[in-house]
Amino acid sequence: MKSYTEYLWFNTARRREYINITSQVEEAVKKSGIKEGLVLVSAMHITAGIYVNDAEEGIIQDIDNMLEKLAPFGPDYLHHRTGEDNGDAHLKSILVHHQVILPVTSGRLDLGPWQQVYYAEFDGRRRKRVIIKVLGE
Amino acid sequence: MKSYTEYLWFNTARRREYINITSQVEEAVKKSGIKEGLVLVSAMHITAGIYVNDAEEGIIQDIDNMLEKLAPFGPDYLHHRTGEDNGDAHLKSILVHHQVILPVTSGRLDLGPWQQVYYAEFDGRRRKRVIIKVLGE
Amino acid sequence: MKSYTEYLWFNTARRREYINITSQVEEAVKKSGIKEGLVLVSAMHITAGIYVNDAEEGIIQDIDNMLEKLAPFGPDYLHHRTGEDNGDAHLKSILVHHQVILPVTSGRLDLGPWQQVYYAEFDGRRRKRVIIKVLGE
Chain X
617 MKSYTEYLWF NTARRREYIN ITSQVEEAVK KSGIKEGLVL VSAMHITAGI
667 YVNDAEEGII QDIDNMLEKL APFGPDYLHH RTGEDNGDAH LKSILVHHQV
717 ILPVTSGRLD LGPWQQVYYA EFDGRRRKRV IIKVLGE
Chain E
617 MKSYTEYLWF NTARRREYIN ITSQVEEAVK KSGIKEGLVL VSAMHITAGI
667 YVNDAEEGII QDIDNMLEKL APFGPDYLHH RTGEDNGDAH LKSILVHHQV
717 ILPVTSGRLD LGPWQQVYYA EFDGRRRKRV IIKVLGE
Chain V
617 MKSYTEYLWF NTARRREYIN ITSQVEEAVK KSGIKEGLVL VSAMHITAGI
667 YVNDAEEGII QDIDNMLEKL APFGPDYLHH RTGEDNGDAH LKSILVHHQV
717 ILPVTSGRLD LGPWQQVYYA EFDGRRRKRV IIKVLGE
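Sequence order for the protein chains is X, E and V. According to our numbering, the first sequence is numbered sequentially starting from 617. According to our numbering, the second sequence is numbered sequentially starting from 617. According to our numbering, the third sequence is numbered sequentially starting from 617.
Don't take each hint at face value.
Here are the computed distance ranges between Cβ atoms for each label pair [claimed, not checked]: (1) Ser639/X x Pro691/E: 30 to 38 angstroms; (2) Asn627/X x Glu643/E: 42 to 50 angstroms; (3) Gly699/X x Arg724/E: 46 to 54 angstroms; (4) Lys685/X x Arg631/E: 45 to 53 angstroms.
Chain X residues, not near chain V, derived (Cβ > 12 angstroms throughout) [stated by the list, open to error]: (5) Ile635; (6) Ala671; (7) Gln677; (8) Asp692; (9) Trp730.
Below, a sample of chain V positions facing chain E; criterion: calculated Cβ distance under 7 angstroms [claimed, not checked]: (10) Asn627; (11) Thr628; (12) His714.
Calculated directly from the structure, the hints in this document are not laboratory data. C-beta atoms are modelled at their ideal positions from N, C-alpha and C, and glycine is treated no differently.
Just need the whole structure built from these sequences, with the hints factored in.
Have a look at this one:
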């Protein structure tokens, strides 16, 4: 069994941003030398998410709109008694989920035709981290 | 370490359908010969999901009703500027999540008493695929 | 390759409860002797969830409020034709997701500064179980 670990850093210009990280994950798989296995891609902060979906600007905005409808940015969170203003970002992270597992087959990410891996930043403008861990052989 | 990969194909009659695939996953685990490990079950399309819940008709309809409330089928998605009409299906896939990981113990799926694995089709009537990958020994 | 499996049992006093289980998962990783790998933490019941977020009372209540807004406790679920009254708990489990995968690096949970693992009980006051399975070497 082999394993390989890599960390990606982000510091977005805007509060919310959706960044396609598929090629960076693909690159990590290549470096790992693993041919058959699984890759975990997981946000290390509680106000960000990782998801797999389409690299299409319209649907990215639709996802953002849905999350804003279900967990709107605003003042009315109990979490804000701590001095924070990012309650919505925690909830968006829960809804999107903060991680995915990708299959590795024959040394490549085994994704469907339209599947792309996204880092979803819900409270940016600060340094944040994602872990990539490949396990297999 | 051993690994085993299998693909399931679906082509549902209706746009939305929920299909119990537990026995197919169990079968893949058996074929893998793996006694201790993890199985990834992951939709390879961005308008489908995989979840674990009850094999009970009422709750399946309740899940569908909730998803339709949170991300309704309809015309008002930016994604539809591409000519597609399935914006809701992408959002439903995000909410349900497109994958699960199941534990394998003593050569069997190590599930609780009511846990069943479901393929959730949100934009059917076309050929779509799910990957099953077992990792362990 | 090594694997290690452990089960946690819960029997909460209230219907809904959020319990920090990070130290129990950390303990299981230590017992496994695994230095590099992945840990699956997965609810074995269909009315509970596992998530990673903040150990802060306000945000825990905010998560509960959001889930109650999106899938309210109440009588109007088709699932209740079976005699059950916990339709909302199934839906909350779907939204939160019933599992997480945590990376293990150098024998420790490789979590970000604020990441804590929570058991989310949505239909308590009965004995329920969570599986922890560590895979790696």
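Verification of the hints:
Between Ser639/X and Pro691/E, the C-beta spacing of about 34 angstroms keeps the proposed range 30 to 38 angstroms intact. Evaluation of the 42 to 50 angstroms hint for Asn627/X and Glu643/E yields a pass: the beta carbon distance comes to about 47 angstroms. Roughly 49 angstroms separates the CB atoms of Gly699/X and Arg724/E, a value that falls within the hinted 46 to 54 angstroms. A beta carbon spacing of about 23 angstroms between Lys685/X and Arg631/E contradicts the range 45 to 53 angstroms that was offered as a hint.
Against the 12 angstroms criterion, Ile635/X stays outside the reach of chain V, whose nearest CB is about 17 angstroms from its own CB. Even its closest Cβ contact with chain V, about 23 angstroms, leaves Ala671/X beyond 12 angstroms, as expected for a residue assigned away from the interface. Interface exclusion of Gln677/X from chain V stands, the closest Cβ pair being 21 angstroms apart, more than 12 angstroms. Remark: the non-interface label on Asp692/X conflicts with the geometry, its nearest Cβ contact in chain V lying 9 angstroms away (cut-off 12 angstroms).
Against chain V, the non-interface label of Trp730/X holds: every CB pair exceeds 12 angstroms, the least being about 22 angstroms. Checking Asn627/V against chain E: minimum C-beta separation of about 15 angstroms lies over 7 angstroms; hint violated. At a threshold of 7 angstroms, the smallest CB-CB gap from Thr628/V to chain E is about 16 angstroms, leaving the interface hint violated. With 7 angstroms as the threshold, the beta carbon of His714/V comes within range of chain E, its nearest partner Cβ sitting at about 6 angstroms, so the hint holds.
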